[in-house]
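Assemble the dimeric complex from its two separately framed chains, guided by the hints.
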Amino acid sequence: MIPNYILSNINEARINLFRNKTRTLLTSLGIIIGITSVIILIAITNGARSVIETQLTSLGAKTIMLKPFVRTASGFSTGRGQNFNENELNLIKNLDSVDYLAPIVKASEEVNYRSTSNIIALVGTNPDFAGINDWKNISGSFITENDVKDATKVCVLGLTNSRRFFGAEDPIGKKIRINGIPHLVIGVLEPKGLTPGGRDQDDFILLPYTSLNRLLFRPDMSNIVTVLMSARSSEELEYAKFSIIKILRETRNINPGEDNFDISSYEGVTKKILGTTKILRILLTSIASISLIVGGIGIMNIMLVSVSERTKEIGIRITIGAKSRDIVFQFLCESALLSLIGGIVGVLLGFIISKIASTIIGWPAIVSLSSVFVAFFFSGGIGIFFGIYPAFKASKLDPIMAIRNE
Amino acid sequence: MAFPYRSQRDINMSNTPLLELSGINKIYKMGQIDLQVLYDVSLHIYNGDFVSIVGPSGSGKTTLLNIIACLDRPTSGTYNFFGEDVGLKSNDEMSEIRNLRIGFIFQSFNLIPRHTALENVIMPLHYSSRFKNSSFKDLGLECLEKVGLSERVGHYPNELSGGQQQRVAIARALVTNPEIILADEPTGNLDSKTSDDIMELLKNLNKSGKTIITITHDNEVAEQASEIIKIKDGRVI
Ligand SMILES: Nc1ncnc2c1ncn2[C@@H]1O[C@H](COP(=O)(O)OP(=O)(O)O)[C@@H](O)[C@H]1O
Ligand SMILES: [Mg+2]
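Quick mapping for you: the protein sequence lines, in order, are chains A and B. Heads up: the first sequence at position 313 corresponds to 313 in my numbering, and the numbers run straight through without jumps. Remember, my numbering sits 1000 above the position in the second sequence when you count from 1.
Don't take every hint at face value.
Here are the simulated lysine-lysine pairs, PhoX-like style, with alpha carbons at most 25 Å apart [stated by the list, open to error]:
id, chain 1, residue 1, chain 2, residue 2
1, A, 136, A, 192
2, B, 1029, A, 312
3, B, 1029, A, 393
Looking from chain B toward chain A, a few residues come up when the C-beta cut is under 7 Å (computed) [stated by the list, open to error]:
id, residue
4, 1071
5, 1075
6, 1092
7, 1093
8, 1095
9, 1098
10, 1099
11, 1110
12, 1112
13, 1124
14, 1127
15, 1133
16, 1136
Source of the hints: derived by calculation from the structure; they are not laboratory data. We treat Cβ as the ideally placed atom computed from N, Cα and C, and that holds for glycine.
This is chain B alone, in the form it adopts within the complex (with noise of 0.2 Å):
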């Protein structure tokens, strides 16, 4: 699979971004010392776009994935989000946005382990009122059906092995059908086998319209992606 991959973007040639970011700084300030993490990164981001973010450890792209989630404020620096800008919204704007229109897939997966997989899967749409309860089960089932999954609904994060919960996670991210999935090194607890089958996971939801974007240090996975964005000491290269 060394040929790079074509995403929905080619196929929808749309000229409007999803998601723009320009001229975001981040700086940490650790007592005395200030630490600029980005600088001036500007991104465009299309639907269907199938995004990879390369660099070496440190050289902030977790940083970037955060702000891009909505879940971390940039210094300075705009961020729309579609046609929005985020600057202006309150947290619980940012908590909406993070329930409904973004998936989260982490390195260590990030599942709550006093629960079983269905369960974990539809926490996130306890979050919102746009679901009716009793719907929850099933679009719980729905998504765990998409990952392949069907078979281990009851069970608990340690009874799965780490592909598995894995696509617990991925489950988790589809069940309020948000328009981005984003994902921080989705494969880096994996093995090699089990990361092919959740990168070809990963294209089939960008091939059925999902916008990704996926931190990896893995350049056969980046070279996967339909568009490279190489960090390198906070700056885009």
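Same shape as in the complex, but just chain A (with noise of 0.2 Å):
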């Protein structure tokens, strides 16, 4: 009986929306705008927040990073801190609440095969790297102790590159020359892909950072850009940060205010970007809310009319025995179904114009299933909020005086 009765009415609402199609559509534009841009903003921060996620489970959470470098209050870099020297690595290194230490060299050489040659990114670290970067073999060995403690000419190399060189071939065992200098190939590691920006993460050569320096004619410890490191767990990650600090304060005998030390980890900024994100994504619903008010207002505005428009018809039904409820639900069916109408074209609108969006821009778009039951909530709900005024206005009528309306 009552599912019945709503039927009736949301089909009676219907019947009325579509006698005049270019007035309904007309009516929710406000609505279809609103709704298409809280789509299309939901969907926008949804993609940021993906590729901000997928970036920084790939260096992983447990990660700690040290660099030489001084930060002042303001956030700038102020010129070169102290490296850091073995000591201090191995202090650290033997932490309980660390897990894997891998220093990081950085370079740009040229590395040729045969006829094939290319200015490449050399990275010179230690056996620790494949543990903190979670980084497989597809072929080959990796790093060990001893290519780190005798500076070996060995080399690992990213898929891309085993490919820009060898093509089909088996590289294990072939030598390749950095800077003219043979290495020996002993590893290829398993692909990452590309990062959601588009950067080949596989386009790279390791090496052992002793090597590399040396091949650079530099001392074993200068040049460590990075130190990277694992704490055990991403719970001991924060105490494992703190006994680094504590560590280095030490050894170089300096107070808190003083660090030429950088000591950061993606944690921290995982929250800090994500709390952007947030507050974007606050900021450009709000802006998307105000154009939902707007859309509500123009429903309130035609609803006033529709029930200018039938009067002699509500006298009627009141005369029948129409009580003040079922005027004010016959009305409220037909400004929420007709906000609703809205609410559809705008959740497919903005369906469309992200994904067009998200291919021109290279950027993901997630309409989320959520995000489509909030439209259809909010542009029930404003229907009903703004259509609440007609229809009680209509349901107060006097049968007398509606009924005599031509």
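See the structure below:
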């Protein structure tokens, strides 16, 4: 009985709205624009979030970065800080809360094999690098402690470089020349593909950091741009950072505030970036809400017109027994449906525009099911809210006067 | 048909009135001026009556009928409907009375143009919890058959003649099976042949037990009623 009552009212509303299609569409324009923007905004901020999240997971939530730079309160690097020495790194490595520690030396040098020659990004590191960033070999082996100790002339290829220099050939056991000096290829890494931003993560060659420094005629411990470490667990991350800071301050004999190193972890960065997208989302959503409110006022306006056009009909209905709540419900159904039509069109438009925009700007747009629900909920709610006044106005009509209306 | 039509009342010989108006006054406030339209109207209407209200235009017939119909409230006086004081009823209770116990027929038919004949007929059923949705269609068809319009069920009002539209309106008035049918100049917009048909229909309804009150200008129509109430300048004469 009750569902049938609702259904017949919805059907009544449908008949009325479809009788005047142009007016219905124009009226729901405000809602359409509002919902379209809500969908696009949520899709794009969700996309941004997922980009950031995948980037951060690939970097690892347990990772700590140590740099020999000094950062001021304003966040700028002021020249170089003090290089790390072997003793400091050993002390840190021996901490219980730290699992892996990999110094990073970077260079870009000419690499050639037979007739192929190219400038390639070189990364000098140690065996722990694989543990921190979760690199696996697809063939051969990884750098060993002995390779680092002896600065052996070995290298591990990212898949892009294996393809570039060797094509289908097996590179293991072959020698490539880096700055003219032959290096034995001991392994090829499993590919990680492109970042969502389009950077190739497999276009590099790994060497022992000691080997890379010797190749460039530098002392073993120089030029370490970053020391990557991995906490034993993400829970121990903060404790590990605290311990590292303590060690460095003690060995360097410096006070808090005088630090000549910079320690950071992605966890903090994650929170900060996600916080920023949240602010962005709130801001954009509030802009969309304004257009929804304007759309709602449009609906109220057209419903008032509709009530005055149908005064006679309302009079007839009241005469033959409609109660106030029947009339209120009838008009609320109509305004809710009107707004929902706008919501549906808005969701479709938002979906299409997000997809088009995402292919143009190369940024993923994620239209989540929850945003579609939110859109329907909002548009329905706006229709009901702004329909209340016209509906009550209709229900309060004097049937005797109303029925005389032509 | 000059002889008075004998109503069910004479056959029932019932003494307690269905509708009892006593000392009804109606005053419209028009700015500073009070316009009194009804003066001390008292009426008894019994089960099975066929009453005609006659009088010149502007004499207050419609105003009186609206009060009887529970559409309007008198300024003073009491109105008992089936023994209950309408003055004590809420608007929603009055809606329920109109829905279940009164059927309305108007001069200008007052059908809803975007709905078919059948949809118009069953409209009152939507406003009561007494009827099952599944029974709406059958009840509607039954009433359309009673008024001889079974062939026009799916037609819209603008596809029907005046007489046919009035039949749809009568079917709508019957659909909740009310005891009372009120008609305000039901033949005012119809030619004399069609008027006779509609009056015949009303008489048959009276025979089947409905109490009927109709306003009319037409003396010939009035003479068919069992009782005539004459109104002049807001007074029953
Ligand atoms: N709502 C109203 N406000 C003011 N005057 C009214 C109203 N309704 C009716 N009247 C007046 O009351 C008088 C009686 O009207 P009505 O009952 O419609 O007469 P009848 O149906 O006999 O022609 C008329 O003079 C009319 O102008
Ligand atoms: Mg009148």
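Verification of the supplied hints:
| no. | hint | in the structure |
| --- | --- | --- |
| 1 | A:136 x A:192 | holds, 10 Å |
| 2 | B:1029 x A:312 | holds, 23 Å |
| 3 | B:1029 x A:393 | holds, 22 Å |
| 4 | 1071 | holds, 6 Å |
| 5 | 1075 | violated, 14 Å |
| 6 | 1092 | holds, 5 Å |
| 7 | 1093 | violated, 9 Å |
| 8 | 1095 | holds, 5 Å |
| 9 | 1098 | holds, 5 Å |
| 10 | 1099 | holds, 2 Å |
| 11 | 1110 | holds, 5 Å |
| 12 | 1112 | holds, 5 Å |
| 13 | 1124 | holds, 5 Å |
| 14 | 1127 | holds, 4 Å |
| 15 | 1133 | holds, 4 Å |
| 16 | 1136 | violated, 9 Å |
The structure fails to meet hints 5, 7, 16 from the earlier list, while all remaining hints are met.
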